[in-house]
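All chains should be modelled from the sequences, with the hints used to inform the complete structure.
Below are the chains, spelled out letter by letter.
4 protein chains.
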Amino acid sequence: MKAFVMKEIGRVGFMDKPVPKPGPSDAVVRTTSALICTSDSHTVHGGIGPRKDLTLGHEAVGIVHAVGSEVKDFRPGDRVLVGAITPDWGDLASQNGFPSQSGGPLGGFKFANRKDGVFADCFHVNDADANLARIPDSIGDEMAVYCADMLSTGFVGAEKGNIPIGGTVAVLAQGPVGLMATVGARLRGAGRVIGVESVPSRQKLAREYGADEIVDFTSEDVVERVHELTGGEGVDTAIEALGADITFQTAVKITKPGGTVSNIGYFGEGEFVRIPRVEWGVGMADQTIATGLCPGGRLRMERLLRVLEAKRVDPTHLTTHTFAFDDMERAFEVADKKLEDVVKVLITF
Amino acid sequence: MKAFVMKEIGRVGFMDKPVPKPGPSDAVVRTTSALICTSDSHTVHGGIGPRKDLTLGHEAVGIVHAVGSEVKDFRPGDRVLVGAITPDWGDLASQNGFPSQSGGPLGGFKFANRKDGVFADCFHVNDADANLARIPDSIGDEMAVYCADMLSTGFVGAEKGNIPIGGTVAVLAQGPVGLMATVGARLRGAGRVIGVESVPSRQKLAREYGADEIVDFTSEDVVERVHELTGGEGVDTAIEALGADITFQTAVKITKPGGTVSNIGYFGEGEFVRIPRVEWGVGMADQTIATGLCPGGRLRMERLLRVLEAKRVDPTHLTTHTFAFDDMERAFEVADKKLEDVVKVLITF
Amino acid sequence: MKAFVMKEIGRVGFMDKPVPKPGPSDAVVRTTSALICTSDSHTVHGGIGPRKDLTLGHEAVGIVHAVGSEVKDFRPGDRVLVGAITPDWGDLASQNGFPSQSGGPLGGFKFANRKDGVFADCFHVNDADANLARIPDSIGDEMAVYCADMLSTGFVGAEKGNIPIGGTVAVLAQGPVGLMATVGARLRGAGRVIGVESVPSRQKLAREYGADEIVDFTSEDVVERVHELTGGEGVDTAIEALGADITFQTAVKITKPGGTVSNIGYFGEGEFVRIPRVEWGVGMADQTIATGLCPGGRLRMERLLRVLEAKRVDPTHLTTHTFAFDDMERAFEVADKKLEDVVKVLITF
Amino acid sequence: MKAFVMKEIGRVGFMDKPVPKPGPSDAVVRTTSALICTSDSHTVHGGIGPRKDLTLGHEAVGIVHAVGSEVKDFRPGDRVLVGAITPDWGDLASQNGFPSQSGGPLGGFKFANRKDGVFADCFHVNDADANLARIPDSIGDEMAVYCADMLSTGFVGAEKGNIPIGGTVAVLAQGPVGLMATVGARLRGAGRVIGVESVPSRQKLAREYGADEIVDFTSEDVVERVHELTGGEGVDTAIEALGADITFQTAVKITKPGGTVSNIGYFGEGEFVRIPRVEWGVGMADQTIATGLCPGGRLRMERLLRVLEAKRVDPTHLTTHTFAFDDMERAFEVADKKLEDVVKVLITF
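Going down the list, the sequences are from chains A, B, C and D. Anchor point for the first sequence: position 227 equals 227 in the UniProt record's numbering, and the numbering is continuous, going up by one each time. Anchor point for the second sequence: position 251 equals 251 in the UniProt record's numbering, and the numbering is continuous, going up by one each time. Anchor point for the third sequence: position 84 equals 84 in the UniProt record's numbering, and the numbering is continuous, going up by one each time. Anchor point for the fourth sequence: position 70 equals 70 in the UniProt record's numbering, and the numbering is continuous, going up by one each time.
Treat the hints with caution; some may be incorrect.
Identical copies look the same in the list; a pair holds intra-copy or inter-copy alike.
[As the list claims (entries may be wrong)] Straight line, CA to CA, 30 Å or less: simulated DSS-like cross-link-like pairs of lysine-lysine:
id	residue 1	residue 2
1	Lys7	Lys17
2	Lys311	Lys253
3	Lys253	Lys72
4	Lys2	Lys21
5	Lys52	Lys72
6	Lys311	Lys204
7	Lys115	Lys337
8	Lys337	Lys204
9	Lys253	Lys115
10	Lys72	Lys17
11	Lys7	Lys337
12	Lys7	Lys52
13	Lys21	Lys72
14	Lys115	Lys72
Hint data in this document are derived by calculation from the structure and do not stem from the laboratory. Keep in mind it's a predicted model, so treat the numbers as computed, not measured.
In structure tokens:
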């Protein structure tokens, strides 16, 4: 089968690989739609270290191609969604309530990291009964695929942010994950959502997805502006959806005492992420810094699909580009170099 | 001043009373809009025992008429909202996180219970700085007044229900509080909201306020139907918004293991409220029964006003009747006897 | 191999059964020590319906006899503890945070319910890597076996009770589970633990295990006495460790507004468990009723073993009787009929 | 009356001040015992900026000398404890659940910060009914005074650390607050408490107060050693009880994915407190950083007194030095310069 791989750091391309075989509890899924993620770029540029001929991609839906002997709830032909994170559910971290950390820190993140990813004709899924979810007929593949990572990661930023109904929330950076965090903040009942973003097309999407105010850090001091918008208080919750030291510092500074900084950004560089000491209340302002990795698993995916089924949000407006799998090289270039105001690139198979 | 009072059990009417005077931390508010609540009926019919010449009403907005010497943040002329519950914030129950229980069980409920209520030209508010909230210009009195009890009580049903994003919720009874619980379930991100209601006009409102499905208990078995709608599982959260033994039993029966029954109904009669033993998992299904009384206080009211300001919901569709204060007797009759498909009765001053 | 079974409702005895075989992820354990539980009696008397030749018992430790091909962390010869509850970790209820409810309500409870129990020379354990725990050398079998159910159930009563440091707790009934709930309340930092019990030998154990006060319901009014002991307030947390309608009612009555009734009692009879309406604050006192089933799994067992290893508690004082497995019939009679002031009966193999 | 003040940065001494007068809700307390805190040193050396003739001290007990007209529960002559933090209970931060932040960040910290402290013959307490607690006869002043800050701060480190029963906890630095955090970890049910400390006398106290293991950072690599002690996993909870950048980094490094770093250290210097990026799981390890300021208020103090009354801990072993108030200058020198292996200095009046 055809697979789009990272050949080595900095180099991608197609190669031929055998169709994977499922273990007793596993499934193999034939890909129908996939999305390119910023993490794919990080990986290619060496963010998680060297890899050789590793199939890229972790956001996909497809049709079950084969299942292992112990799989009970899925059959070949089923149309399914797979979370970007596919936990080992019996692991001690899962028993502790953190399945994304099963098998070690960030260990639930297997696709295009610990094993081949989803940019291929077929891909392998561990523990099919626990990690696949059937897609309802009313939801198309190109919509369902957003649950795998974008909705799950964006929403967990809101969930871990402990947002009260009517609370104030700032979402720092309105990329695809930040936009879905904006949706998540609305879904938790935020009374005012402030999107921090400078790119006009993303500002527009932010308003569409529920931001009540936009703050442009290129023309305004974010800390001052957010305090102004919140009567001098700061927000109940700041969601860091970029993964940059300076943005994280801003998140701490705009969050009120007793509030929560909820991080869903991937910090790709530097030895430290720095907390501004004084604005952090010298460590005594009852502020919480929460972090999370995209929740996966069947239950999570079923719940996200229900959100789509009930038409609470239409994530397909994030799709700025669509390519056939055969054009994957160009597709990856667009995403990697952030060409043409790209937000998300959809790949069809 | 004119006040509409409960003269004794079963008898209401106008009487003249002196304008109250504020203590050092208190305020007196001149009423501009008020709402009649089912609890007013309960009270008149003896639900909280005998009262003599007690001014009725606990949902109101108005203009500050006078403030005590220690009040810092409010001045005569300010347009303000007052929660139905006005806690004593220093009380041990408040320190424990339950201000509605300050001064004893349900002790935050003072209006038309422990002291005169709001159906009068003026009414008294304890601890003005902590219990008043300024109303933004963009929100009319007839909308803001819904925060006092309807939004606060309805929403707390959702908040205590521990609803996951994409979770399933049933709201039992779509009276005004149940309708606002339906809104609350949507505000917390429910993926499917099932409204249980038999009255057509309320079913219609339920759909408008966010119910995805309606179950009519007069034509369907609620337990069967809810299990059918949830793939046999039951809901994550059932909100009891009526206060009837049979409804409470249904709530327990339709909630899945690990789920939450969130009660905001006032149980007015009977020695017991009964939990169905077997469906409760013989006490071992990891099910939680949460209860709450309308949260009050300035912060809560400010957050609810923010929800209105951001146009997340328009509660004024609950207003089926409007009367001037002079017509209070007829207004009360309509509300008390549930005439003319009444939902909420607004009183203007 | 020899197994002690429930032949039919009301009749027990030995029979010969084949040694079970492990599936790919499973283990078979050779029993070394076991405890008889009140639930075994319930089961024999028909509490969970008819069973034929079902091996009894769910509290055991032993030596791994055989493991399936997929088991990674355990080998024959390992000395292991098995929780009374052995969840399916990939199940949706487990993903939802309630592994004891995996496979349906109370579905994690498999031993002597859905499959043969542990009163046999050998028994079968599903998902060995996730459900077994290695016993440290410093802990004897006759101590470790208490983790399986007694510590896990007793402690979860305290954990779900949301006890603040310095809070007040009542534990209703000081049977073995109630005694371990008393220990659990102390482990969570309770400032005053009130044990409700009438049997002198159990009162003595209650004091030894950390009850600061004993209330004897045969000579005192429990509701009055607890209010007296708590300055009229009621307790922060009442743990129901019996499973009786009247005890449950008392638990509600002695819990303060905002407090928690934490149920770990198994309610074996009656159509309803009844909440006293008025003392429950007519459903509005911010009181929570939490319920739980014994948590199982390797992580839980490892943590409980750590509690023993650190000598925080010595549960072996619960052992009032010890019998060899060959004397199981007499042992069961003592436990079943509650002869000789029995608390727990230990079976050695 | 006599007061021990900070005359200016770096200079302390006695001066005469008038006895304060209570406002309507306030009390004035005649000091009987007080403790010197490291924060007093910080303050004198300019940690919170310049102050002129500010009375020092925030840990005290005493006898009520006078009360305002609105005070209901206390009378002159009552023996009382006052928390180091005396919140404004009606403030929005208090309504939000964070009374220590009332009146602005860390605003509940009034003594020797926003107003005169307790090192004087008498001191003023705002909102007496909400901020005083009666001391039971069985507890001496020299013991009760430890509740004001040491127990409250140490314990909140454990409470915010989300420690599971049987969990593993490291407490970094075994000064007086760290030692009480060690006690707090035990009170929450930790299965293994690791105290990090190099001073022998404090190591000894750490063992006495419940540390199961001691790690000496001068002779061992703390990160390696803690991983060794926890089977390579890291701890469930690390409590930072020093307030140093390097210690904070260690806390992050030794905490497992899904675990909590609970900070109770006051960070007195540097622009930033730095999170080690990689060991923090690049912001995605589901790790939480919680912070808190000493909880105050009557309920908290009553609960802490209950812990002492029940003899769960004897904090007086922290008292290494006792001086009469007249010898305050020498007392302060001992505490300030950390002479003679000082832990806590008690002042008697």
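Here is what the structure says about each hint:
no., hint, in the structure
1, Lys7 to Lys17, "within (13 Å within a copy, 57 Å between copies)"
2, Lys311 to Lys253, "between (35 Å within a copy, 28 Å between copies)"
3, Lys253 to Lys72, "between (50 Å within a copy, 28 Å between copies)"
4, Lys2 to Lys21, "within (15 Å within a copy, 42 Å between copies)"
5, Lys52 to Lys72, "between (34 Å within a copy, 28 Å between copies)"
6, Lys311 to Lys204, "both (20 Å within a copy, 19 Å between copies)"
7, Lys115 to Lys337, "within (25 Å within a copy, 58 Å between copies)"
8, Lys337 to Lys204, "within (21 Å within a copy, 51 Å between copies)"
9, Lys253 to Lys115, "between (39 Å within a copy, 27 Å between copies)"
10, Lys72 to Lys17, "both (28 Å within a copy, 29 Å between copies)"
11, Lys7 to Lys337, "within (18 Å within a copy, 62 Å between copies)"
12, Lys7 to Lys52, "within (5 Å within a copy, 61 Å between copies)"
13, Lys21 to Lys72, "both (17 Å within a copy, 21 Å between copies)"
14, Lys115 to Lys72, "both (24 Å within a copy, 20 Å between copies)"
The structure agrees with every numbered hint stated previously.
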